[in-house]
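Asker: Spelled out from the first residue to the last, the chains are:
Number of protein chains: 2
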Amino acid sequence: MPEIDFWFSIGSTYSFLTIKRLDDWSAEHDATVNWRPFNVRTVMSEQQNIPFAGKPIKSAYMWRDIERRAAKYHIHANLPAPYPISDLALANQVALLGMTEGWGKTYTQSLYGLWFEDGIEAGSETAITEALHRCQQDPRLALARARSPDIVQSLENETNTAIQLGVFGAPSFVVRGEVFWGDDRLDDALSWVRVGHVV
Amino acid sequence: MPEIDFWFSIGSTYSFLTIKRLDDWSAEHDATVNWRPFNVRTVMSEQQNIPFAGKPIKSAYMWRDIERRAAKYHIHANLPAPYPISDLALANQVALLGMTEGWGKTYTQSLYGLWFEDGIEAGSETAITEALHRCQQDPRLALARARSPDIVQSLENETNTAIQLGVFGAPSFVVRGEVFWGDDRLDDALSWVRVGHVV
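Same order as they appear, the protein sequences are chains C and B.
Its first residue numbered 417, the first sequence is counted upward by one per residue in this note's numbering.
Its first residue numbered 417, the second sequence is counted upward by one per residue in this note's numbering.
I should point out that these hints are in silico values taken from the structure, not numbers from a laboratory.
Possibly wrong hints are sitting among the right ones.
With a straight-line cut-off of 25 Å between C-alpha atoms, the simulated DSS-like cross-links for lysine-lysine are [to be verified]:
#1 K488(C) x K474(C)
#2 K521(B) x K488(B)
#3 K471(C) x K471(B)
#4 K471(C) x K474(B)
#5 K471(B) x K474(C)
#6 K488(B) x K488(C)
#7 K521(C) x K471(C)
#8 K474(C) x K474(B)
So that you can see chain C by itself, here it is in the shape it has in the complex (with noise of 0.2 Å):
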């Protein structure tokens, strides 16, 4: 079975639409995907990747053009959702423990939909917490767990590990050491993992 590794990162837009999708799509295509969160905006401010900030036609085209694509997946939106959000961390730091404990992709899902159905900021700890309570998880113990020393180094490990791979955004797809960057490139992946070349 192809396995891809999906490196996403709360606060990043485009991660929205494959969150949103990817299992309806992992099921048609018969793929394994491994959900993993890092930090890109550690990485993007390490490389002085400055996509959007101070760039308003920029910034609107990107807006229009994920409100096409989730219209074409049948996603709904409320365009557009509260950006850049303040702090990109906890969040993530929240879905990487939820990872190793089970419920951290229905984390992810609920808090993409906060944010970008509801405009609820995802770094907020209102969202965060809400988003905790849709996967059953008591906020206040999963907090205390997602702030402990082991999980901030967990991340900031997850994140080198990306750099290392060659991932420098996020949604980013990784399959025998071919890094695929954007939701637009998730088919290429799965071709990539499945004949080593992209059709």
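Dock chain B against the given chain C, drawing on the hints supplied.
Answerer: Quick look at chain B alone, frame taken from chain C:
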């Protein structure tokens, strides 16, 4: 018949994919495409949009992504090509002149061949001269016309038109006032002109 405005700029790397595959694609989809050169560097400088300079990881990815997609489209290329090119204006002035005289498409395709297959920088007079030879134009006469105030002004006008339409990068496709950015959005643009949404 669907009609698409194809805004491109000699100097844009991803435009290579579109320029090389567009004739076959247009025939296959029975689509009419208007080739419209503009100066993307003017637009991007004004909008502080600097996607690759000083970003080695993202630049390396860009070449790899183009390589994979060129293979997908069965387009030959020797990558990386010299980049960035020193000057965009003259090459695009010649393209604009050629569009009005009927040889602009052949010139553009030839020039991208010289750039991406033979490694000759597309903005150089060497490359422009050879591309003009390949479409049976006298380089001395064509370059003189391309440098005339009329053509210089025309390229600036086209660039301003592109900006007014919301174009911020190349290649872009504009249909019914809707902008689609990137070679990978060509099918979206066709879908938009045909059915008014992305399928």
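Asker: Evaluate each hint against the coordinates.
Answerer: We went through each hint and held it up to the structure:
1. K488(C) x K474(C): holds (21 Å)
2. K521(B) x K488(B): Roughly 22 Å between the alpha carbons, so the hint for K521(B) and K488(B) holds.
3. K471(C) x K471(B): holds (18 Å)
4. K471(C) x K474(B): Judged against 25 Å, a Cα distance of about 19 Å means the pair holds.
5. K471(B) x K474(C): holds (19 Å)
6. K488(B) x K488(C): Since the Cα atoms of K488(B) and K488(C) sit roughly 23 Å apart, the hinted pair holds (cutoff 25 Å).
7. K521(C) x K471(C): Judged against 25 Å, a Cα distance of about 32 Å means the pair is violated.
8. K474(C) x K474(B): holds (18 Å)
Consistency note: the structure conflicts with earlier hint 7 alone.
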